[in-house]
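Novice: Sequence:
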Amino acid sequence: MSAYQQQLNDKIRYLSELFQGLDFPEIQVFESPEQHYRMRAEFRVWHEGGEIFYAMFERGQKASGASLVRRDQFDAADTAINALMPRLIAAVTEQPILKNRWYAVEFLATLSGEMLLTMIYHKKLDAEWEATARALQEQLGVWIIGRSRGQKLVLTQDFVTEILRVGNQDFRYRQIEGSFTQPNARVCEKMLAWACESAEGLGGDMLELYCGNGNFTLPLAKQFQRVLATEVSKTSVNAALWNIEANRSHNVKIARLSAEEFTEAYTQNREFRRLQEQGVVLADYRFSTIFADPPRAGIDDETLKLVAQFDNVIYISCNPETLRSNLEKLTQTHSIERAALFDQFPFTHHIESGVLLKRK
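Numbering (UniProt numbering), first residue to last: 1 to 360.
One should not assume that every hint holds.
To be verified - Distance condition first, Cα-Cα at most 25 Å in a straight line; then the derived DSS-like pairs of lysine-lysine:
{"id": "1", "residue 1": "222", "residue 2": "152"}
{"id": "2", "residue 1": "190", "residue 2": "305"}
{"id": "3", "residue 1": "124", "residue 2": "190"}
{"id": "4", "residue 1": "253", "residue 2": "152"}
{"id": "5", "residue 1": "253", "residue 2": "305"}
{"id": "6", "residue 1": "124", "residue 2": "152"}
{"id": "7", "residue 1": "152", "residue 2": "190"}
{"id": "8", "residue 1": "358", "residue 2": "222"}
{"id": "9", "residue 1": "329", "residue 2": "305"}
{"id": "10", "residue 1": "253", "residue 2": "222"}
Said to hold, decoys possible - Here are the computed distance ranges between Cβ atoms for each label pair:
{"id": "11", "residue 1": "267", "residue 2": "90", "range": "57 to 63 Å"}
{"id": "12", "residue 1": "268", "residue 2": "99", "range": "43 to 49 Å"}
{"id": "13", "residue 1": "22", "residue 2": "284", "range": "33 to 39 Å"}
Since the hints were derived computationally from the structure, they do not count as laboratory data.
Here the structure is a predicted model, which is why all the values come from computation and not from measurement.
Each residue gets a CB set at the ideal place from its N, CA and C atoms; glycine is no exception.
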């Protein structure tokens, strides 16, 4: 048995044991590629004599120089990142203005072929750095951002456009530097497909909580008459609005509210001018389904009461423990129809899972 299959089996066993006591269906398992699955990678840049190289902290070690490990290549990272790593080091080595006090670098790759580099420095970035970095950007065929304390220099743009395929359709996503995106694009495509299959035939309108840049929103919108998606981050909302327009998802509206705020609005305990400004009239919707992809803390108690009011619940979780806690309450009114494990983070303890619940 391969090391990958062993770690995946351990996750399956853990989930099965965690959900004992609930009427839980067989877990569908969606594997990851064993290598080159990460579309994001971050490295320290280590200076030793006249040489520079990438370094990463060993897992579980404290952030000290003693725990840094040299990384000329990184098997977990996308092939495009690995191909660019030596080219970037070689190019910067020849340019003292780029090399001097270069501290770290972040790679953001895409299946579409676009790449964004964020080069982080312990010095003020001036016009000379910018001119040299522009030449490097042209040489490497990537977008470059320079950062130092209190400084962000965007040479051309601070985003990439990703293309994810779900079923027989491509969806375009603007992914902004520093904002959250799913790091494993191939598993992300499987997650989107599973969510869409779970939504087939549910009809009516859908409410989405924690929509981010619209990752799930866009393909799910094909399954419903209308979708109202909520997100509190301005950066994510702006990306989602661009994505809605780029994919011509004209049955989607975004409400810039947290899940807690939306619960207050939905229960008519509080009015929000933001809803009026965005042309959202809650009374116009006929929701059949709620979709939630909450942070690690899970869904708070008040929002969970809102979720329980919907006939159908599609729940994507990045923390099985909080999912288990939320299901203790949701299974009082709903039954679990489908369950899935998505190996979004191979060779780590992190588990991404999904459930479809229907009212009893």
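Novice: Would you mind marking each hint as holding or not holding in the structure?
Specialist: Consistency of the hints with the structure:
| no. | hint | verdict |
| --- | --- | --- |
| 1 | 222 with 152 | 38 Å, violated |
| 2 | 190 with 305 | 29 Å, violated |
| 3 | 124 with 190 | 43 Å, violated |
| 4 | 253 with 152 | 31 Å, violated |
| 5 | 253 with 305 | 23 Å, holds |
| 6 | 124 with 152 | 10 Å, holds |
| 7 | 152 with 190 | 35 Å, violated |
| 8 | 358 with 222 | 20 Å, holds |
| 9 | 329 with 305 | 9 Å, holds |
| 10 | 253 with 222 | 14 Å, holds |
| 11 | 267 with 90: 57 to 63 Å | 59 Å, holds |
| 12 | 268 with 99: 43 to 49 Å | 60 Å, violated |
| 13 | 22 with 284: 33 to 39 Å | 36 Å, holds |
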